[in-house]
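Generate the whole structure from the sequences, applying the supplied hints.
Order-wise, the sequence lines are chains B and P. Each number in our numbering comes from the position in the first sequence (counting from 1) with 41 added on. Each number in our numbering comes from the position in the second sequence (counting from 1) with 287 added on.
Heads up, a few of these hints could be off.
Below, in silico cross-link-like pairs of lysine-lysine (BS3-like), each with a Cα-Cα straight-line distance of 27 Å or less [stated by the list, open to error]:
id	chain 1	residue 1	chain 2	residue 2
1	P	K375	P	K522
2	B	K84	P	K477
3	P	K520	B	K61
4	B	K61	P	K477
5	B	K65	P	K461
6	P	K520	P	K538
7	P	K308	P	K461
8	B	K65	P	K477
9	P	K472	B	K65
10	P	K308	B	K65
11	B	K61	P	K375
Which residues of chain P face chain B? A few of them, derived with a C-beta cut under 7 Å, are [stated by the list, open to error]:
id	residue
12	V443
13	G479
14	E480
15	M481
16	L482
17	E485
18	L490
19	A492
The set of hints was computed from the structure by calculation and includes no laboratory data. Just so you know, even glycine gets a beta-carbon here, dropped at the ideal spot from N, CA and C.
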Amino acid sequence: MNGFFEKLFRREPNSASQAKERLKLVLIHDRTDMAPGKLEEMKDELIAVISRYVDIDPDAVRIDMAQEGREQRLIADIPLRAVGRRRMN
Amino acid sequence: MDYSGNGKQMSGKVLTVTSGKGGVGKTTLTANLAAALAADGLKVVCIDADIGLRNLDVILGLENRIVYDLVDVVEGRCRLRQAMIRDKRLPELYLIPAAQTRDKNAVSPSDMVRLANELRQEMDWILIDSPAGIERGFRNAIAPADIVLVVTNPEVSAVRDADRIIGLIEAEEKGPAKLVINRIKPVMVKRGEMLSMEDVLELLAIELVGLIPEDENVVISANRGNPIALNGKTKAAQSFRNIARRLQGHKVPFLEMQEDGSLFGRLARMLRAGGN
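Now the structure itself:
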């Protein structure tokens, strides 16, 4: 679109895309009635629970809310640590 | 998109216009839809459900003819017909005004359902102008609704409140609501400084039935108490009429919002954009 001029004259992304990105997050939290801080809290608890069963890297865990139409979804990506479990046994 | 029902049998549709946030154009949309539907030869009554802050009467230019109001009907001080103010321009357009000085709890959702059911017998369309907010007045307004229109502006606060209200409409089993985006400024959208129709639709994820550009003639026609949809020539006027057509089940394409491509139009836009 007018990306060339944008790069030339501005550093900030235009305000419409800022509005859209901010609204995306706000609406997710409004719809689920879950404050942004609560999501972090839940993430920590989930990590603690899962760690009791499998070996995971807490820093690699990603838990996010996603919007699909008017449906909200909690998406968790929890990479397992490659442990040679069999060999260890 | 056929909301027009089965025609012959006289059972009017109840359409509620709401928004969450105030000042986005609910009353203007209600007045213009009512005028456009009545101009298409349909019997239309609009009800101002904003008790204590009535405005539909002034937008329609009927403020001097009020004798009875919604609360008078509900409390049995007059017959329904007596509270229906007939428009001078369109013989089948009526207004039931809100009470201006009454407690807003004078009317309940079941009162509204009863009233709407009575009006369904004689009218093609019953349009209800909801108050802003999510309290009693809003619940009254959506209680009898067959269709709920949510009006928003392409601004963060209006979109956020629209989303909240859409959720509440779903929870009341009155959904899915349909969306009208009002006061869009194509020049700002083009500059990337206003949410576009596509942005708003992606965020709210409901069906669009109207897209209305910002137009100072809407203010001018409100000053005169003469809804712009009646004989206005501007895109906003046409947009209101198009919504009325869509509600009757016609497939009407959305107007191209971009302004004219004439040399003068382009020059004016360049000057505006340059001046910021």
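Here is what the structure says about each hint:
1. Straight-line distance between C-alpha atoms of K375/P and K522/P comes to about 25 Å, which keeps the hinted pair within the 27 Å bound.
2. Under the criterion of a C-alpha separation no larger than 27 Å, the hint pairing K84/B with K477/P is inconsistent with the structure, at around 40 Å.
3. A distance of roughly 33 Å separates the Cα atoms of K520/P and K61/B; the hinted pair therefore is violated under the 27 Å criterion.
4. The suggested pairing of K61/B with K477/P holds, with an alpha-carbon distance near 15 Å, which does not exceed 27 Å.
5. In summary, the hint linking K65/B to K461/P is supported, as the alpha carbons are separated by about 24 Å, within the 27 Å threshold.
6. The hinted pair formed by K520/P and K538/P meets the criterion: a straight-line CA distance of about 21 Å does not exceed 27 Å.
7. The hinted pair formed by K308/P and K461/P meets the criterion: a straight-line CA distance of about 19 Å does not exceed 27 Å.
8. Under the criterion of a C-alpha separation no larger than 27 Å, the hint pairing K65/B with K477/P is consistent with the structure, at around 21 Å.
9. Between K472/P and K65/B the alpha-carbon distance is near 22 Å, which keeps this suggested pair within the 27 Å criterion.
10. With a CA separation close to 18 Å, the supplied pair K308/P and K65/B stays within the 27 Å bound.
11. With a C-alpha separation of about 44 Å, the suggested pairing of K61/B with K375/P is violated against the 27 Å cut-off.
12. Hint status for V443/P relative to chain B: holds, with the closest Cβ pair at about 5 Å, below 7 Å.
13. About 3 Å separates the beta-carbon of G479/P from the nearest beta-carbon of chain B, less than 7 Å, and the hint is met.
14. With a cut of 7 Å, the hint placing E480/P at the interface with chain B holds, because the nearest CB-to-CB distance is about 5 Å.
15. Nearest Cβ of chain B to the Cβ of M481/P: about 6 Å, under the 7 Å cut. The hint holds.
16. Satisfaction of the interface hint for L482/P is found here, the shortest Cβ-Cβ separation to chain B being roughly 5 Å, below the 7 Å cut-off.
17. At its closest, the beta carbon of E485/P sits 10 Å from a beta carbon of chain B; the interface hint therefore is violated under the 7 Å criterion.
18. A distance limit of 7 Å between C-beta atoms decides the matter here; for L490/P the minimum to chain B is near 5 Å, and the interface restraint holds.
19. Checking A492/P against chain B: minimum C-beta separation of about 4 Å stays under 7 Å; hint holds.
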